[in-house]
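> Line by line, the protein sequences give chains A and B.
For the first sequence, the residue numbers in numbering that gives the first Met the number 0 are 0 to 273.
For the second sequence, the residue numbers in numbering that gives the first Met the number 0 are 0 to 148.
Certain hints may be false.
SDA-like, lysine to any residue: derived pairs with alpha carbons at most 20 Å apart [unchecked claim]:
1. Lys14/A with Ala30/B
2. Lys105/B with Asp39/B
3. Lys99/A with Glu45/B
4. Lys14/A with Lys105/B
5. Lys14/A with Val32/B
6. Lys14/A with Ala43/B
7. Lys14/A with Asp240/A
8. Lys14/A with Ala36/B
9. Lys50/A with Val91/B
10. Lys14/A with Tyr87/B
11. Lys99/A with Ala30/B
12. Lys14/A with Asp39/B
Rather than coming from a laboratory, the hints here were simulated on the basis of the structure.
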Amino acid sequence: MDKPILMGAVLYNPKVSVIWDIIGEFFQDNGCPIDVVFYTNYELQVEALLKGHIDIAWNSPLAWLDAQRQSGSTCRAIAMRDTDRDRVSYLITKKQGHIKTVEDLRGKTVAVGAKDSPQATLIPLGLLQRHGLQPGRDVQVRRFDLMVGKHGDHIGGELEAFKCLAAGAADASALIDLNWQTWTQDGTINPNEYTILATTELFDHCCFTVRADFPSQRQQQFLQVLFSMSYDNPKHREMMDLEGLKAWEPGRTSGYGLLHEAVEQQHFFVGTTP
Amino acid sequence: MERYTWTLRVSTARKDRATVFVRQQQFTVGAPVQFDAAYDAITALEYVLGAIGADVVHGLQALARKRRVEVDHVEAVVEGELNNPLTYLGVVGESGHPGLERVSVKVYVASIAPAEEVRRLWQEMLDRSPLVRTLQPAIRFELSLQVVL
Chain A
0 MDKPILMGAV LYNPKVSVIW DIIGEFFQDN GCPIDVVFYT NYELQVEALL KGHIDIAWNS
60 PLAWLDAQRQ SGSTCRAIAM RDTDRDRVSY LITKKQGHIK TVEDLRGKTV AVGAKDSPQA
120 TLIPLGLLQR HGLQPGRDVQ VRRFDLMVGK HGDHIGGELE AFKCLAAGAA DASALIDLNW
180 QTWTQDGTIN PNEYTILATT ELFDHCCFTV RADFPSQRQQ QFLQVLFSMS YDNPKHREMM
240 DLEGLKAWEP GRTSGYGLLH EAVEQQHFFV GTTP
Chain B
0 MERYTWTLRV STARKDRATV FVRQQQFTVG APVQFDAAYD AITALEYVLG AIGADVVHGL
60 QALARKRRVE VDHVEAVVEG ELNNPLTYLG VVGESGHPGL ERVSVKVYVA SIAPAEEVRR
120 LWQEMLDRSP LVRTLQPAIR FELSLQVVL
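Using the sequences and the accompanying hints, generate a full structural model.
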């Protein structure tokens, strides 16, 4: 039997380990064993990937950029969920409030998620910058640094940002489209009271990342099993529902430009190595 | 006093199962801890928490019979919390330990006896409970009693 592929994943809640157990069994049953190593944050996982401690990392978009930054852009994004593609984030505000355009936020307060959340902080602040508003100078930022290191995987920061808006302590808050959809359906957000003020351009989310030296034959073996998951197969559906997708797609890097721009403009990696 | 010892034999069974043999009885235990709500066995941790609850409700009921205090029903809600469950999963970079950090036992007693009488029973039960006496000094142990009619 082949040596198992070592897969890295960041875990913020023990319940998430159940998904990886199921995925691990699926790969085992399909002749491509994987061993999953859990990390407490993406910084440790990227380091482990680049040092060769793991073969594949399930990376956040920010972790992908970090891996590219540290490896001299030699990593490969080999697969992602259909739901990782073409996401947007929103700035939302109160319908009855005075904020009608992004420019109205000048001198006001925007609530965002954790400092390393692409969807709830970096990209939405990038949207403000695109409108000529400098966070911290033209717009006051209330940041909710919940579980820093998890790159916003934990929705707590976004939820606190919304609560800040709801409490009147901010004039707008940032969140990803998926949370807007969920929260306006489950009653967390009353869609009659809040409205989408602005929408970011499309961006991509997580991806499986490998180093340049990951053998293509191993990659193919992994992808063949991954892409064999079918939402039409009831045995696969539970696993895919847990992971929030209907199909696995090939990895692409064209959807990380918006985050790259935000990271550069906000000097996110300044002061970190290398 | 002559020492009294309990001996159990515990043997691995099929995948992630252990069989416990005790006197003429036996029972099956699943994984040490599980985070899957659909997991089809009782974990070692759940047995421990269940045993704590059973110790308390049975102890109280038995004492009530002995003291001839009328008690209809005793029920407990037990909650347990590990110091850091991610360390059980071996998450790289996590600190803490997978041991129990806190156990809360809320006991509801249905009785027409005066509340004071039930409280005396409760205190005596706590003093005599093997599991409470073992765990109380070791972890955060929150015990509460509510008497209902």
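> Now look at each hint and say whether the structure bears it out.
Hints and how they fare:
no.	hint	verdict
1	Lys14/A with Ala30/B	holds, 15 Å
2	Lys105/B with Asp39/B	violated, 26 Å
3	Lys99/A with Glu45/B	violated, 54 Å
4	Lys14/A with Lys105/B	violated, 26 Å
5	Lys14/A with Val32/B	holds, 11 Å
6	Lys14/A with Ala43/B	holds, 17 Å
7	Lys14/A with Asp240/A	holds, 14 Å
8	Lys14/A with Ala36/B	holds, 9 Å
9	Lys50/A with Val91/B	holds, 15 Å
10	Lys14/A with Tyr87/B	holds, 12 Å
11	Lys99/A with Ala30/B	violated, 55 Å
12	Lys14/A with Asp39/B	holds, 16 Å
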